[in-house]
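S.K.: Going by the numbering used here, 87 is the number at position 87 of the sequence shown; the sequence numbering is gapless.
None of these hints come from the bench; they were simulated from the model.
Ideal placement from N, C-alpha and C gives every residue a C-beta, glycine not left out.
A hint or two may mislead.
[Claimed, not checked] Now the in silico label distances, taken between C-beta atoms and shown as ranges:
1. G238 / G201: 39 to 47 Å
2. S142 / G238: 24 to 32 Å
3. S188 / W131: 47 to 55 Å
4. Q138 / D194: 49 to 57 Å
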Amino acid sequence: MPKLPQSGFNTTARAVRHQSADQIRHCKRHECDTSCDAECDNESRRCSPLSRFIHTQHELNWAPHDPLTLVIDAHRWRISPTHALWVPAGTPHRVVAAASQVIFPIRFDPQPLPSELRLPVLLRVNEALRWTLMRIVQSHLSPRFDMAREKEHALRLMPALTAPQVHLKLPQTVELRTIAERLLAHPSDPQTVDDWAAAAGMSTRSLQRGFTAETGTSFSCWRTRARIEHALPLLGSGIELQEVARRVGYASVNGLNTAFRRELGRTARECIPA
C-alpha cells in the first residue's frame with residue numbers, strides 16, 4: 001500500500017458561493033478572519049478558504065442541493081437538503097464548500113431563544129420547514145411572501161426538529177488528519193486500522209492513541225460517526241436502507257442499525273426525516 005503523502009491533501013483556495021436569503025452579497029460583508037488554512041471539500045476536491053464568520057444575528061445554514069460542511073470550534077457539522085445547522089449570534093464558524101455549491105445562511109434578529117436553540121444544533125428540514133425557508137428566500141422577489149411572518153413561523157417550527165447530533169472533531173497532526181479526510185471522502189473504505197497505520201508510516205498503537213488524544217474518541221468510534229454523518233442526508237433522500245448501508249461501508253442494514261443504535265440510541269429507519 002502506498003504511503004500517505006506527508007503534506008496531506010493538495011488544497012487550493014476557492015471562494016465560497018455564499019448566497020444569503022436575507023441578502024445576496026459578497027462575503028466581504030461578513031466579519032472575517034482569513035488567516036486560517038484552506039480546508040478540502042472531499043466530495044469535489046475543490047476548496048474554499050476557511051474564513052471565520054461572526055454574525056450579530058442568529059443564522060440558519062441550509063444547503064438546498066448538495067451536502068457541505070461547517071466548522072465550529074474544530075468540530076465538523078454536515079448540512080444538506082434534509083439537515084440545517086442553527087448557529088446562534090456571536091458563534092464563530094467556518095464554511096467549507098466548493099465554488100459550485102450553494103448555502104442559504106438565513107438570518108434572524110437577536111432575540112431570546114428557546115433552550116433547544118441556545119447552542120449550535122443540527123435540525124431536520126421536514127416539508128413544513130423546507131417550504132418556509134423557500135418562502136423566505138422568495139420574499140426578496142415576490143410581495144406575496146411576508147419575510148418577517150415566515151421567519152416567525154420558522155422559529156416556531158425549529159425547536160421540535162432537533163436532529164441526531166453527529167459532529168466530528170478533526171485531528172490536527174498531518175498524517176492523522178489526512179486519514180480522517182479520506183475516511184470522510186470515502187466512508188465505505190474497507191481498510192483496517194492496521195492498514196491505515198501502515199500507510200501513514202506509524203504503528204497501529206500510535207495511530208489509535210493519536211486519534212484519541214486529538215479527537216477525544218477512538219479511531220473506530222470516529223470512523224463509525226463519520227459513516228453515520230454521511231448516512232444521515234441519504235436517509236431523507238428516498239434511497240433504500242440497504243443501499244445507504246452499502247454506501248457507508250456496511251454489508252447489511254443490521255450493521256447500519258447497530259452503528260446507529262450505539263451512537264444515537266435509535267435505528268437508521270427511526271432517523272429518517274418525517
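S.K.: Against this structure, judge whether each hint is valid.
M.R.: Evaluation of the provided hints:
Against the hinted window of 39 to 47 Å, the Cβ-Cβ separation of G238 and G201 comes to about 42 Å, which satisfies the hint. Here the CB-CB span from S142 to G238 is close to 29 Å, well matched to the stated 24 to 32 Å. Checked against the hint of 47 to 55 Å, the C-beta distance between S188 and W131 comes to roughly 33 Å, which is inconsistent with it. For Q138 and D194, the Cβ-Cβ distance of about 53 Å falls inside the hinted range of 49 to 57 Å, so the restraint holds.
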